[in-house]
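> Below are the chains, spelled out letter by letter.
There are 2 protein chains.
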Amino acid sequence: MKKKSFSPMACSIARAIDIIGDRWTLLVMREAFYGTRRFGQFQSHLTIATNILANRLAALVENGLLEITQSADDGRASEYRMTKKAKDMFPVLIALMQWGDRYAPAPSGRPVKVLDRETGREITRLRVTAPDGRPLEASDVRLVPGPGASADDRARMLVVDRASTQS
Amino acid sequence: MKKKSFSPMACSIARAIDIIGDRWTLLVMREAFYGTRRFGQFQSHLTIATNILANRLAALVENGLLEITQSADDGRASEYRMTKKAKDMFPVLIALMQWGDRYAPAPSGRPVKVLDRETGREITRLRVTAPDGRPLEASDVRLVPGPGASADDRARMLVVDRASTQS
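Residue numbers (numbering that gives the first Met the number 0), protein chains in the order written: chain Y, 0 to 166; chain U, 0 to 166.
Okay, chain Y solo, but in the shape it has when bound (with noise of 0.2 angstroms):
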């Protein structure tokens, strides 16, 4: 099925989507952060079929998210490793988790605690916050165009900022 792009729309939002923003794509990019290196790892941890995981890898090593190495341990072997553009999508991965335990909890609980290797101490909630540490929900912040934003976006902006203030 070819899906409709997002990416002639200004949003950065919309351009992430497109790359990484497909329910599978991000299952393998969290298998790619639990250590998850080779095909036949991602298909037993995912069950996910053949034909899937093989287009989702393909897309993330055209992406720049992969690149595939030899196995230092077995020279024949190929493996899936991590791009710097993919491991800052750690935020990401983390925003979903937080908001997961949160608000779509497993019946027993939080399957996963994340750990601060150095001290041993949960990591923080993860908060946008402002330049001088305060922490910013959606109401706290207005949205200005920024130097790619079309005449569109502009004058969408302006309303989104009007009503905002009103409100």
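The reader is advised that the hints may include incorrect statements.
Copies of the same chain look alike in the list, so a pair counts if it works inside one copy or between any two.
Claimed, not checked - Capping the alpha-carbon separation at 25 angstroms, the derived lysine to any residue pairs in SDA-like fashion look like this:
1) Lys112 / Ala154
2) Lys112 / Ile67
3) Lys84 / Thr123
4) Lys86 / Arg36
5) Lys112 / Ser77
6) Lys83 / Ser107
7) Lys84 / Thr128
8) Lys112 / Ile51
9) Lys86 / Phe41
10) Lys112 / Gln42
Calculated directly from the structure, the hints in this document are not laboratory data.
Keep in mind that this is a model prediction, so the values were computed, not measured.
Knowing the structure of chain Y, use the given hints to seat chain U on it.
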């Protein structure tokens, strides 16, 4: 198309993806954060087919992210309002936006800047942090089983942990 549900997987990322990890759902939520409330507005901003939009909005209402209210301006019109569960997706959307700004930029630059309403300064880059404030990368954390981990999850995390301390 009936999609495979990821809920049986213990992982909170998988559970979050089940609810919000669909391309259109993420864009509908982005619109809601931008202040869109009415069906026609979602449709014109997203150029989305009526049936797809109706389906995603209904799922978001069913999952408790949006609630239908009467418009204050026009009592006959319905509006979709975000619940707390939805508002708490703010870090997920900002994480996606910042990743997109960095790795999938629009040709002429960032389309949107997000400012702290109080000071007018830009929000900071979302970082995963330790309780003492140190920023953490994926390689700085370890995963340990939480109360909801299955026996499989536990065995798996042990392996992941052993591999990552060796590398």
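> Decide, hint by hint, whether the structure agrees.
Hints, verified against the model:
no.: 1; hint: Lys112 / Ala154; result: between (44 angstroms within a copy, 14 angstroms between copies)
no.: 2; hint: Lys112 / Ile67; result: neither (29 angstroms within a copy, 35 angstroms between copies)
no.: 3; hint: Lys84 / Thr123; result: both (23 angstroms within a copy, 19 angstroms between copies)
no.: 4; hint: Lys86 / Arg36; result: within (14 angstroms within a copy, 35 angstroms between copies)
no.: 5; hint: Lys112 / Ser77; result: neither (30 angstroms within a copy, 41 angstroms between copies)
no.: 6; hint: Lys83 / Ser107; result: between (35 angstroms within a copy, 23 angstroms between copies)
no.: 7; hint: Lys84 / Thr128; result: both (23 angstroms within a copy, 19 angstroms between copies)
no.: 8; hint: Lys112 / Ile51; result: neither (29 angstroms within a copy, 36 angstroms between copies)
no.: 9; hint: Lys86 / Phe41; result: within (17 angstroms within a copy, 33 angstroms between copies)
no.: 10; hint: Lys112 / Gln42; result: within (24 angstroms within a copy, 39 angstroms between copies)
In terms of the numbered hints stated before, the structure departs from hints 2, 5 and 8, listed from lowest to highest.
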